[in-house]
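Colleague: Spelled out from the first residue to the last, the chains are:
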Amino acid sequence: MSEKKQAKSKSGIIMLVVVTLIYALLYYNDAQKSTTSLLASLKVLEMIAPILLVVFFLMALLNTFVDEKSIAKHLGEDSGFKGWVIALFGGILSHGPGYIWYPMLQELRNKGALDGLIVAFLYARSIKLPWLPLMISYFGVSFTIVLSVYVLLGAFVQGIITSKLVK
Amino acid sequence: MPAVLQRLKKASLQTLKSLEVIAPMLLAIVGLVGIFETYITPEMIHTLFSGKVINDTLVGTGAGAISVGQPFLSYIISGELLQEGVSKYAVTAFILSFVTLGVIQLPLEFSIFGARFTLIRNILSFIFALLIAYLTTQTLQLLQGIFS
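Those protein sequence lines, which keep their order, are chains A and B. When we follow my numbering, the leftmost residue of the first sequence carries the number 1, and every step to the right adds one. When we follow my numbering, the leftmost residue of the second sequence carries the number 1001, and every step to the right adds one.
Think of the hints as simulated: they come from the structure by calculation, not from any bench. Here the structure is a predicted model, which means the values were calculated and not measured. Even for Gly, the Cβ is constructed at its ideal location relative to N, Cα and C. Be aware that one or more of the hints could be misleading.
[To be verified] Computed spacing ranges between beta-carbons, pair by pair:
hint, chain 1, residue 1, chain 2, residue 2, range
1, B, H1046, A, P130, 40 to 48 Å
2, B, V1004, A, L132, 32 to 40 Å
3, B, G1085, A, I51, 34 to 42 Å
4, A, V66, B, L1131, 14 to 22 Å
5, A, I14, B, T1041, 25 to 33 Å
6, B, L1082, A, L153, 18 to 26 Å
7, A, V149, B, Q1006, 27 to 35 Å
8, B, S1050, A, K69, 51 to 59 Å
9, B, R1116, A, K10, 15 to 23 Å
10, A, I51, B, L1142, 48 to 56 Å
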């Protein structure tokens, strides 16, 4: 394991110990409430497990069939308009909480995908297709459309700013 | 074994390894999500808003950043906030930061993407929650003026 990876897994283990300690404290304080928290966490785990599986498969496929050259072409310096379309629509279509996608996105970064496109992907994720009907029923059609258009524009602009900043 | 299958096997093992590295951090974050879900209640979020537009918009962005859960939760809370007279600016900022900012996932984001990327992304998300909230509300008022 590389030094960087070792540091990563070390910080993860420290974090896990800290969270376990917090749970122990909460349990001592209010056993019932902390059990509710633990059950809520298990529910989250249950929800993200299938998506994690999809991410795993995508990553494995990515590592098998997509080489750095084609990443550079579709998501790198020369990707141009196509890169933005992939990032924005990929963001809209990706399911579940953003953090499950982090490992795959980092893999893409390592292979040469632009930081700006990753930022745009992550911001476009605030358009949640399955929840749009509910948003419309709560806030109306015009609010939902106007907000979604600005989110897409905002994702694009943030991507551009990031690209300029990291250069 | 055909070359492709061999490559797939190698890539799968590699992927498994990189997921293994982040597994403890991922578990820790999921554990925190459970705690936040139970201890930060919608009622608590309601009490943060005061009725002052600028103040509430900042509060909305911050509240969205510390809240966790499915996006529909933010719609329900926002619907109630609007009924209570909280401004559309604040509610829109809350909905946006609910999905784009996450205080509890910061350690994970930091350990995977590094400090610089995490900082840039989160600062931009914060600024754009305010900006898009402003633009959305203004645009809706403009549209209302035209069509009424």
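Colleague: So, against the hints stated earlier in the document, which numbers end up violated here?
Modeller: Hints 1, 4, 7 and 10 not satisfied by this model.
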